[in-house]
Amino acid sequence: MSLFGKDFICTEDWELEDIQKILVLASEMKKDPHNLRWSSVLKNKSFLMLFYNPSLRTHLSFDMAVSELGGHSIYRSSEMSWSKSKQGIASSEALKDMARVMSRYVDGVGIRMCMNAIKQYGEGHQFVRDFAHFADIPVIGMADDRVHPCQALADVMGWSEKISSENDINALKGKTLLVTWGSSGLARPWAAVQSHLLLAARMGMNIKLAYPEGYALDSEVRQQTKIHCEKNNTTYEEIHDPNVGYEDTHVVYVRNWVTNKAYEQGEFQYQAEVDRSLSLKEWIVTEAKMRKTENAIFANPMPIDRGREAEEAVIDSAYSVIYDVAENRKHAQKALLALIFGA
Amino acid sequence: MSLFGKDFICTEDWELEDIQKILVLASEMKKDPHNLRWSSVLKNKSFLMLFYNPSLRTHLSFDMAVSELGGHSIYRSSEMSWSKSKQGIASSEALKDMARVMSRYVDGVGIRMCMNAIKQYGEGHQFVRDFAHFADIPVIGMADDRVHPCQALADVMGWSEKISSENDINALKGKTLLVTWGSSGLARPWAAVQSHLLLAARMGMNIKLAYPEGYALDSEVRQQTKIHCEKNNTTYEEIHDPNVGYEDTHVVYVRNWVTNKAYEQGEFQYQAEVDRSLSLKEWIVTEAKMRKTENAIFANPMPIDRGREAEEAVIDSAYSVIYDVAENRKHAQKALLALIFGA
Amino acid sequence: MSLFGKDFICTEDWELEDIQKILVLASEMKKDPHNLRWSSVLKNKSFLMLFYNPSLRTHLSFDMAVSELGGHSIYRSSEMSWSKSKQGIASSEALKDMARVMSRYVDGVGIRMCMNAIKQYGEGHQFVRDFAHFADIPVIGMADDRVHPCQALADVMGWSEKISSENDINALKGKTLLVTWGSSGLARPWAAVQSHLLLAARMGMNIKLAYPEGYALDSEVRQQTKIHCEKNNTTYEEIHDPNVGYEDTHVVYVRNWVTNKAYEQGEFQYQAEVDRSLSLKEWIVTEAKMRKTENAIFANPMPIDRGREAEEAVIDSAYSVIYDVAENRKHAQKALLALIFGA
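Chains as they are written, first to last, in my numbering: chain V, 1 to 343; chain H, 1 to 343; chain B, 1 to 343.
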């Protein structure tokens, strides 16, 4: 199996056909979670979860994925204070030593590092890359400041299920995705939306990216998304009006994210970001806007800010896939773990 | 099985005969913890424990209960900061979304929310009820501000064992219980003692409730306790003297609890409660007082404040059931989980 | 099995032949971690880990040890605030009650208490001893302020492996160990180095203990180490020069540790200790110093302060056993648990 023993830090690191293998297996697993074909794939295997930032959804979905594959997981969270020391991000123990020692105890490691666990955008992603460099075991990104690859897997899986009842992994090809920024009282990092743009473009979707002034995402990620679209002969467009872009759209994905200034003062400016975001009230997905689409499905990686990112009626509508996508985290991660660690 | 798939938030929600089913099964399980009849009842089942307040006894007893039934438990504690956000108790994510997402990952949820996790008496209980309303899976109360149903199960199980060597579930019928407030350096919530009053009255005990001025419990709970006594033709009495009530008593249960003013300033006034409580030194169970009883057993749900709630000699006496009751938490919860989640 | 049901708090409590039994079994387990001979030795057994101080290495190695033996472990850490209460170390619940209640739930307990969890040197060790006194189940020390017995097991196992390729447990007999203090930005407790001196001396090594003025370890531990050396007809020497002692040495073990004044003000003076330690820059293990030895192996119990306790080139050399020793924590603890709890 070509994925055996590999890291999964960014979807860009993997061939599209490998990602499709994950999605196909995830769909099978979803239909029969406890099938003997996979219920002991991780027997005698252990997976360590390092949360430098807490996350309920990521914790539960990885824990259950490992458990349903017959493996053993270990959770570390509040004790993880890597970034809080005076001597900078790697002071209490060299990352090299940490990665090498863990490689002696467990079979794989998942890492989450973003938000207030870092001081500058990019540090979290670099930490995961460096850890993987020193570790002798596979490393899986559980969200850093740059990307959130497992969320992207769950996203495209959820949309495919809704658009094509037969779970056709080509269901998204040629469809149009509107990724729109949303107002929120929660300041969200860029990771989920960026992973999502990269993968959706790669899977053949037309991309519309809508956001207010000052909320441009990582220019490299946007550039790479554009390149995927060009290669696929699909369109890529950026929009700065909250009322534009809904026409001819098949998937509306709303997400709040922070400005480029979130780390300007050397630490995550949560409250300043929230204040600015709350003032941009017109950036909300409404029923009226959804009516302009091609019966689009509504998506968000959660947590969702009800009444700000979208109207309650949109969130609770029949075309909303938010809970399905959340559930898919478990199935997609199960498939991923089985392909990386399975015999 | 009539209990399959049900919530267990308050003993009042369940028929007495269902509670007796739990107690009978718990006694069987206690005799043979690893019997194959129940050692895989929770196979492929997962139970999530959400502790908004930490608790050693509740954590260990639930963890072991799930483990001994062959299930998988997940523990969340220090990351749980539901109440600490500025926008009130449900800000970081709507309770509806949280409950629905968790329902996609696990088979059941236990929730603890009391003390400083809430701002007003009643909020914790309401949170558990609301969670259960939105969740598609059974919810078990692991202590809120109002009730602690699993503690009550362990209590009555422990007393029955001591009073009737044959574990007769009717052993408590017609017996007299003195519930007395105790001085303490630990400010304890009302939940344990209230669940306990409700269940003891319902199981046919005569109730004497003794407490100093200012320490009246929830009036609805006391009213409901009275109604159970009337229905059972037993007596209900309130006492405000620390030396009265021991005569003709079969069970002496001491517990510190806070005043009605604990939440008056919008947060749990721990130190003010402790200071007031410590000044009421005569509210202690002594050997001399115990000698006035009908060879009563001594009970307390723990942690117990040695030398304040009761004399050391009472706590360590042969008629003390505190460790047996603590142990019964595991057995009672095992039986409960088996009946709710078992096939 | 003579070790069945015993505590393991200090290596001094056990006969040397029992310690050798652990080491022999640990070597066998290392060669075949999932062999059916031990993969279900802890079936239906549970081990509770109480971390009053967090520790990644100890957490992971015990968790994996229990898991690979088929047992169930429970981790408690950030909720553990025994020492933080106003009424002193045992306030929230009497230690007696805590130990007795836990004895009703689990089959064994591991305890870590050192550094800032205590107020005076010795309190942590006494806590573990007192807990064991009250508990009805075996207690294993996972590092207190005085000793760290499992680290010592992993140390001697790692050196034996390197010195004698056949894992001869007598490999250390007559060999010479230099234990040298090292400069560091991390203020380390005495436990690891002390357990290590006691066991190495007992196993027949010549001991050289090198440290700057003000860094004398526990006088009782040093005295006991001397007695072991006398009994074994080996040498014991104390050195106060960072450049002396490398000649004729087979194992160089570097470790930072705090002064006697660390607890002088009633709490652990982390920053003052770090400041003083950083000023003693000549106390570093260099390649030049290592060249003076008898091709000595380089050891440290980790975390290691790169560039302060030792040069990077020493740490990453072929003669460094730091990762092997870290890995051995798991194997040694597996053997220990199997002998204490196994049927």
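Among the clues, some could well be false.
Which copy is meant is left open, because identical chains are indistinguishable; a pair holds if it fits in one copy or across any two.
What the hints assert, rightly or not - For lysine to aspartate or glutamate, the following EDC-like pairs were computed, each having C-alpha atoms within a straight-line distance of at most 20 Å: (1) 43 - 294; (2) 31 - 238; (3) 21 - 311; (4) 119 - 282; (5) 30 - 248; (6) 231 - 93; (7) 162 - 28; (8) 45 - 241; (9) 96 - 312; (10) 43 - 32.
By construction, these hints were calculated from the structure, which means they are not laboratory data.
Checked hints:
In this assembly of identical chains, the alpha carbons of residue 43 and residue 294 never lie at most 20 Å apart, being 46 Å within a copy and 44 Å across copies at closest. Taking identical chains as interchangeable, the C-alpha atoms of residue 31 and residue 238 are never at most 20 Å apart, the minima being 38 Å within one chain and 58 Å between chains. In this assembly of identical chains, residue 21 and residue 311 lie within 20 Å of each other by CA distance neither inside one copy nor across copies; the values are 35 Å within and 46 Å between. With identical chains, the CA atoms of residue 119 and residue 282 are never at most 20 Å apart, being 31 Å at best within one copy and 33 Å at best between copies.
Proximity of residue 30 to residue 248 under the C-alpha cut-off of 20 Å is found in neither arrangement, the shortest distances being 31 Å within a copy and 62 Å between copies. Proximity of residue 231 to residue 93 under the C-alpha cut-off of 20 Å is found in neither arrangement, the shortest distances being 44 Å within a copy and 38 Å between copies. Taking the shortest alpha-carbon separations for residue 162 and residue 28, only the intra-copy value of 16 Å comes in at or below 20 Å, while the best inter-copy value is 48 Å. For the homomeric pair residue 45 and residue 241, neither the shortest alpha-carbon distance inside one copy (50 Å) nor that between copies (47 Å) is at most 20 Å.
Taking the closest pair of Cα atoms, residue 96 and residue 312 come within 20 Å of each other only across two copies (11 Å); inside a single copy the shortest separation is 47 Å, beyond that limit. Proximity of residue 43 to residue 32 under the C-alpha cut-off of 20 Å is found in both arrangements, the shortest distances being 18 Å within a copy and 15 Å between copies.
The structure fails to meet hints 1, 2, 3, 4, 5, 6 and 8 from the earlier list, while all remaining hints are met.
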